[in-house]
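Residue numbers (UniProt numbering), protein chains in the order written: chain E, 1 to 251; chain P, 1 to 251; chain L, 1 to 251; chain A, 1 to 251; chain Z, 1 to 251; chain X, 1 to 251; chain U, 1 to 251; chain V, 1 to 251.
Any given hint might turn out to be false.
Computed list of lysine-lysine pairs in BS3-like fashion (alpha-carbon distance at most 25 Å, straight line) [to be verified]: (1) U:K19 to E:K13; (2) L:K150 to Z:K68; (3) V:K68 to P:K150.
So these bits of chain X aren't anywhere near chain E, every CB distance computed over 12 Å [as the list claims (entries may be wrong)]: (4) Q7; (5) A17; (6) L20; (7) N212.
What follows is a set of in silico ranges between Cβ atoms, one per label pair, in the way DEER data are often shown [unchecked claim]: (8) P:T62 to V:K150: 53 to 61 Å; (9) A:P87 to V:E91: 34 to 42 Å; (10) U:R118 to X:Y76: 53 to 61 Å; (11) X:Y76 to Z:E112: 36 to 44 Å; (12) P:Q7 to A:P87: 46 to 54 Å; (13) V:K150 to E:P117: 42 to 50 Å; (14) X:Q95 to L:L105: 41 to 49 Å; (15) Z:E112 to E:E91: 50 to 58 Å.
It is worth saying that the hints were derived from the structure and are not from the lab. Note that the structure is a prediction, hence the values are computed from the model and not measured. Glycine is no exception: its CB is placed at the ideal position from the N, C-alpha and C atoms.
There are 8 protein chains.
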Amino acid sequence: MFRDKDQIKQILKDVQANKLSIENAMEDIYDCGYHDIGIAKIDHNRDRRRGFPEVVLAEGKTSEQVVKIMESLAEYHSNILATRAEPETYELVKQIIPEVKYNKLGRVIILERRPLPRKGSVVVVCAGTSDLPVVEEACETALIMGNEVKKLRDVGVAGVHRLLDNLDILHQARVIIVVAGMDGALPSVVAGLVDKPVIAVPTSVGYGASFNGLAPLLTMLNSCAAGIGVVNIDNGFGAAYLANSINKMGI
Amino acid sequence: MFRDKDQIKQILKDVQANKLSIENAMEDIYDCGYHDIGIAKIDHNRDRRRGFPEVVLAEGKTSEQVVKIMESLAEYHSNILATRAEPETYELVKQIIPEVKYNKLGRVIILERRPLPRKGSVVVVCAGTSDLPVVEEACETALIMGNEVKKLRDVGVAGVHRLLDNLDILHQARVIIVVAGMDGALPSVVAGLVDKPVIAVPTSVGYGASFNGLAPLLTMLNSCAAGIGVVNIDNGFGAAYLANSINKMGI
Amino acid sequence: MFRDKDQIKQILKDVQANKLSIENAMEDIYDCGYHDIGIAKIDHNRDRRRGFPEVVLAEGKTSEQVVKIMESLAEYHSNILATRAEPETYELVKQIIPEVKYNKLGRVIILERRPLPRKGSVVVVCAGTSDLPVVEEACETALIMGNEVKKLRDVGVAGVHRLLDNLDILHQARVIIVVAGMDGALPSVVAGLVDKPVIAVPTSVGYGASFNGLAPLLTMLNSCAAGIGVVNIDNGFGAAYLANSINKMGI
Amino acid sequence: MFRDKDQIKQILKDVQANKLSIENAMEDIYDCGYHDIGIAKIDHNRDRRRGFPEVVLAEGKTSEQVVKIMESLAEYHSNILATRAEPETYELVKQIIPEVKYNKLGRVIILERRPLPRKGSVVVVCAGTSDLPVVEEACETALIMGNEVKKLRDVGVAGVHRLLDNLDILHQARVIIVVAGMDGALPSVVAGLVDKPVIAVPTSVGYGASFNGLAPLLTMLNSCAAGIGVVNIDNGFGAAYLANSINKMGI
Amino acid sequence: MFRDKDQIKQILKDVQANKLSIENAMEDIYDCGYHDIGIAKIDHNRDRRRGFPEVVLAEGKTSEQVVKIMESLAEYHSNILATRAEPETYELVKQIIPEVKYNKLGRVIILERRPLPRKGSVVVVCAGTSDLPVVEEACETALIMGNEVKKLRDVGVAGVHRLLDNLDILHQARVIIVVAGMDGALPSVVAGLVDKPVIAVPTSVGYGASFNGLAPLLTMLNSCAAGIGVVNIDNGFGAAYLANSINKMGI
Amino acid sequence: MFRDKDQIKQILKDVQANKLSIENAMEDIYDCGYHDIGIAKIDHNRDRRRGFPEVVLAEGKTSEQVVKIMESLAEYHSNILATRAEPETYELVKQIIPEVKYNKLGRVIILERRPLPRKGSVVVVCAGTSDLPVVEEACETALIMGNEVKKLRDVGVAGVHRLLDNLDILHQARVIIVVAGMDGALPSVVAGLVDKPVIAVPTSVGYGASFNGLAPLLTMLNSCAAGIGVVNIDNGFGAAYLANSINKMGI
Amino acid sequence: MFRDKDQIKQILKDVQANKLSIENAMEDIYDCGYHDIGIAKIDHNRDRRRGFPEVVLAEGKTSEQVVKIMESLAEYHSNILATRAEPETYELVKQIIPEVKYNKLGRVIILERRPLPRKGSVVVVCAGTSDLPVVEEACETALIMGNEVKKLRDVGVAGVHRLLDNLDILHQARVIIVVAGMDGALPSVVAGLVDKPVIAVPTSVGYGASFNGLAPLLTMLNSCAAGIGVVNIDNGFGAAYLANSINKMGI
Amino acid sequence: MFRDKDQIKQILKDVQANKLSIENAMEDIYDCGYHDIGIAKIDHNRDRRRGFPEVVLAEGKTSEQVVKIMESLAEYHSNILATRAEPETYELVKQIIPEVKYNKLGRVIILERRPLPRKGSVVVVCAGTSDLPVVEEACETALIMGNEVKKLRDVGVAGVHRLLDNLDILHQARVIIVVAGMDGALPSVVAGLVDKPVIAVPTSVGYGASFNGLAPLLTMLNSCAAGIGVVNIDNGFGAAYLANSINKMGI
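Here chain E stands alone, though its shape is the one from the complex:
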């Protein structure tokens, strides 16, 4: 799909030279790269384009839909992830694909038949215990994509020495994911300490004027420390996805 100019030129030349039939040329140009299973178009080409197969966001889908989509993906891919999956969904998927695992805290279903080598280093830092589900989602995503992952838990700014005592871990990272709810202040402090790409994940942890994560989201977008990329509230998956594409640079 989206053949670039050189590829199109070559196809045309092959057609002109009768090396390629019009039917095959059409197919080559219109290689749609996905499999239509009715409820969804499974985008099997995405890993070629984006480095990893389509990850299934289970939330908002019925368990039956998740099973059907994962089943289709499992025919083409060794490693698959479904995020925000309830235990019931996992049980159903397990009946079809017995080798799947489940991270209960992170609500992630994992099929990892051929683990990728763990490279580089992604450090996932979090402010408090309640942020752990998002941390787990981020870690599982980063791991299955082939990143070495370290966790630095419960180092919120209310006791900044807990963070300073672990500066060495931050210094060893290639990319840092910072997960924080409530005031969302942690990414600002981390980004002020080390010269690494920082990805900030606001969480819905908190109450009242947190407004379900709006407060830390705004905090992170307004960080006085430059160079922080922010993802959606509770989006551990997205943070890890971005961390992966950064971490793989130059490796």
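Could you slot chains P, L, A, Z, X, U and V onto chain E? The hints should help.
Positioned in the frame of chain E, the structure of chains P, L, A, Z, X, U and V alone reads:
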């Protein structure tokens, strides 16, 4: 005003004993404690009740109204403050009350004929240079109310060592006012370091998703460090007012 | 942690004089002050820095996590608090630490093995019956921290005489916590009556345009009575924490 | 317009009896009641339906449009009002209708050729000096509609005794309009004191978390004192309009 | 409570003349007018001040609290109302006060031992079937307060002829309550048709961009028809309360 | 209803000529066109005015109310729709009107006794699997109103080739409905590709900063591709209703 | 661009048959259809795809940028529109393209060298005089695109008879654009009266709780009359663009 | 600053061995790394920690403050940037530091005495002409930090072929910055096409329901294409800062 039960009882006894005429008793009960100048009721009793004369919020009033109100207050009080006053207003006030001074950065008009002794210690910490107008408003307010004031400027969390290097100043404070815009993360860090009452002032410094100070306001209300009292956006005056009432305790 | 300059100087002198081994000096400088239990870093030093052990916010944590954290804290401290704890959590904690108590209305688990002497006076005022859960959270927090506490319930501004009749209680306070939902008008009236530090707690009591406590939160931040410190919606704990640090001044 | 059933029946009978021509019957049914001046349909019937001619909201219209509309209205009516009019607009209108007056603080242009008798009593209460423009708009509207009007200025809840000292004025009212910005707490207190219809007008007076009047608007909608009708922010005109329709009942 | 000047003068005179003991004078001045039952201060004087006993908002209170408060009120009053009460609460109240009735759709518990004569006319208009719970709450409130009540249901502006066909009912009203969710457009149309005080109640009926009633609330506050008083979302009670105080004028 | 001028003129002429009795003339003018069933006014005329009988929005109504309304409608109409109906409601309706069908995913109850011929072509495009409930609601609505319907599922912009590969389907449409949650970007891309009326439906699919559909709603309103009409969040019915009225033009 | 499958097939056949050189085939496939002028890519193909040349949104661009873009467009097209253009911009454009006209109220620059025949009928209805700028923008857009346009001004719902008296104009329309600020109620009433596609344009006309057009926007999205397509606040252009694409159907 | 454990150990050893005086050890530990100029603490160490000197955000500071800060920075650094600087500020700075340059569109003051070699490739993509100021800010920032920069302008999704025609430029990038206002849909499309880290910058370009950039901000946070890092509205600087730290990895 609002005589308590013992006072009322005494008045009644005096009336019963004919020590107090009904007219005087009426006056005593209905001592309204303010002077009606048409556009406003000047609350001359407020300093008895609240420790300081009514401070004039110039914003939203015409310069003429501010002049008229300050003139009335100046008859009863030695020390007066007008906040958020434009230079033009200051010039007009100065014509009537020549001894007033003006803090241009803080936009405060100050009449301080009998300075109160500076007691205790209020430390005003701020994140960045752009927060200085709010800092100045807070400092002038705290000073005229009789507090010793120290400033700790430009110690935002993007370079947390600037704050840590000045821990001794924080330790000497009785009350700490923390002024911050953008991510508003500074109060969380300060409150995590020292065991003093912390008053947080969000500022409208910033742009975009700061939404004119909403971002730091929410940050401070959701601080993961307990025990922070938050005031309105840019409300340096209110922070100093509260700091004063705390600082004066037990002195 | 965060040794100040004099402390560092002394450590260096002791090292120079060989009174202190490098290992001990390292420990002294790097006394991390917390105990890592995997899911959390228990901040045992916090009471030294902030006057009280880490309070556990149970909301957002699993019961198992709360139990594990309280168990760890109970090894180091006599008195512990867990707020926003469900009865189920309490039952689990009770199995491990039998002497804990539970305030059902305030949803607070209390371990108070060596009660501190009750000092000063914190008055907790509330507007209506529905605000009582927040009142209870505030009172339990203030009590275990060693404050004398009085309650003034159901004195909302719709019947302002109920407040005026109890002025004497307000006058005896050192600090006043005002809890109000709906219009959140009570702190303005209280702060206009007495010259004490006022801490305002908006509650989520109300419906419709209350927007889960946004309405009283904004009311309190915009109070026309100066000197009110506002905490997060329903944050009785935070209000009491701040009240404690104020009340203990000069005692 | 909108003939009710009895009127339609009578028209039909008259047509049947040939007392009324079809043309006149059509006109009678289709008496449109307004005069189309191109840029606007002047609703001359509105005073029959609603008790007063269409009031011109000058804001959002060009001065030329306001002049043209007022000129058209002045042909049919003795008394006209234009609200939120800038001085420039007033000057232009004055050239066409020399007898108009201008309330500068309230930004109201008034044409009152045959003053209505002032009846009943509408009391307009306001919290602070900065609320006066809205008070003036309300008062001028109520006056030209034929209401007796009293003002009670600067009685905000930060000094509730100023209000209590004037209870007698409140007791004499038939309807009370309460104008307040910032915390917007005044209507709750007023409605708790007297058993009269209370109309609350939030104003945009304030800054920061007032969000241009959102704070007092929410306060008033959530008032813990029942029976308050709220109008739009700064809408002194609307409050007076409603007050007029209430005040005229049973007179 | 809140004796006015003449009353205070008389009390003083009686004391001076020894007609009144100081104890009785104190009581007279400090007649608190409420009964403290621990969880609440029952405001028995409110009907003197505001025309009706305190209505209990059951929402946000436990059933036990509601029972306790209603029991206390029932000792002093013939007629009581509890709004937003669940069936369970009703069952509990019924065990203590057997003569209470329950309007299930309106979620209102009614104790009406001595019905007041129904006077005047309050018309409650609503846009759709889903608005009926709010309509019922308003009607029950208006009825028990002694108002004649008529309902005009399901006349939303999507079929404006349904409203126009019932103009005669609107013309007979003294006060009109208009209840509408979704677009909230009905009050504008009603207020444009008849010259009566209109009270608008936005409801949370709708979905998506209704944002739980925010949409109709804003619609009503911005009505292009002047003179509409708006109450909180779903606040049928408040609308009826205001309607009652208007309807009783001049009767 | 709303007879236009020619119709009124004819009625008057007939009355004048005694061809029409006054009673019949009244009826003709006041043909209310709806049937009052107590809880609702069934608007049987709406299909004459708007091309289709009143559709029942089941959400917010009790099942009993839905049954009663559908029963009344079924007496007058062959084809009826109830949207957002729970399975329980369907079961109850089925007992009264056995020929109804139920689309479970779309939560739509369908009574289609005389199917209209399917004309023109409405294409419903959606971004992801989770948007299917809204798609189904739109499709059922369009079908019963007599439109030919095609679906193009799971063609979100994260893999834009899936959309480009199906350009031919878009080109065959007369009207295009685009359903998308999360970023809501799909309508902009579709409208940039084809010159057809595009109706955009934001969905509540997503989490965090989607704010229940606010994000895609704003995206669609701000589309950089001109000429997109937006309906309420999740409002598949409304989109189909508008599509129907467009599709039927010129057919 | 975006050749469909048949076109690609033909190109391939022509290449195979040597009727088409590879260079020309490349050009044919990669006919980019726009002209890059540095600051912008002028999309000259858009009228082929979308029926009209790119319209210039002047707001947010410097006058110089607008001139440069219009100059480039004028080389390829007879008719061009620039919306939200200030008079200064118009003056500059006029110097380069002397035949442009300017609608001052609507802030639209018009180049119409070969007027299209005016077909069908688009009716633009507006609530008040202040909405006229948006009306003018819509009308100019519809006109230059070749639509017959009628205006129905100042028929807001506060005087619904003004609308009912003009039902005939509504009945003659093929598409109706309804422009309204403040309460935004007009589209609901219009859509309830006539069975035509209705496009609603909220305007920023209003103040206070209008929140710059948010109020009418929400009203329109929540309309109880089905089948209304809503565009952005003040977006007269977008409404006309959509109206044009609907109006041209079946003509 | 923030010496890690090995550094501290070495210092202690040197002290013990008397190789290092206590004074020098103190200095070594407490090397504060900034220069206090009164209004600000110039953080000269930041480039060591974060790779580049402190960039000055001119907005919110007076021109005098900007001059003073840049002057101080220029003593220590070769290359400095000031963003959001008005022309007046530039003129003042130029008087002190004559070699500064000014990018007027991007409002950036540039001091680049020793240009860094341009490495890697950062591509800045933007949706429309109005987004260019943010593009310029991003480009200048990326350039002075030593990145090769390419721009791809005016490729918004309303004409997606303009983007597809330039896929080769995207494929050559190491990092992609996507700048978009209005619907903010461009980053989703870009991230779906290429497997590179994408940084999204929402802009305040737009009107009405754009709410000053809130709409594209939410769009980007909810992107259905994974792995996008979002920065604050209009924050071209921040995007480039993050892009720089990513681009430099592995080079």
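Comparing the hints with the structure gives:
1. U:K19 to E:K13: holds, 13 Å
2. L:K150 to Z:K68: Judged against 25 Å, a Cα distance of about 23 Å means the pair holds.
3. V:K68 to P:K150: Cα-Cα ~23 Å, so holds.
4. Q7: holds, 52 Å
5. A17: At about 66 Å from chain E, A17 of chain X clears the 12 Å cut-off, so the statement holds.
6. L20: holds, 60 Å
7. N212: Given a closest Cβ separation of 10 Å, the condition is violated.
8. P:T62 to V:K150: 53 to 61 Å: At roughly 55 Å between Cβ atoms, K150 of chain V and T62 of chain P fall inside 53 to 61 Å, so the hint holds.
9. A:P87 to V:E91: 34 to 42 Å: holds, 37 Å
10. U:R118 to X:Y76: 53 to 61 Å: violated, 41 Å
11. X:Y76 to Z:E112: 36 to 44 Å: The hint (36 to 44 Å, Cβ to Cβ) holds, given that Y76 of chain X and E112 of chain Z are roughly 41 Å apart.
12. P:Q7 to A:P87: 46 to 54 Å: At roughly 52 Å between Cβ atoms, P87 of chain A and Q7 of chain P fall inside 46 to 54 Å, so the hint holds.
13. V:K150 to E:P117: 42 to 50 Å: Roughly 33 Å apart at Cβ, these two residues miss the hinted range, so it is violated.
14. X:Q95 to L:L105: 41 to 49 Å: Roughly 46 Å apart at Cβ, these two residues keep to the hinted range, so it holds.
15. Z:E112 to E:E91: 50 to 58 Å: Roughly 56 Å apart at Cβ, these two residues keep to the hinted range, so it holds.
Violation of the numbered hints given earlier is confined to hints 7, 10 and 13; the remaining hints are satisfied by the structure.
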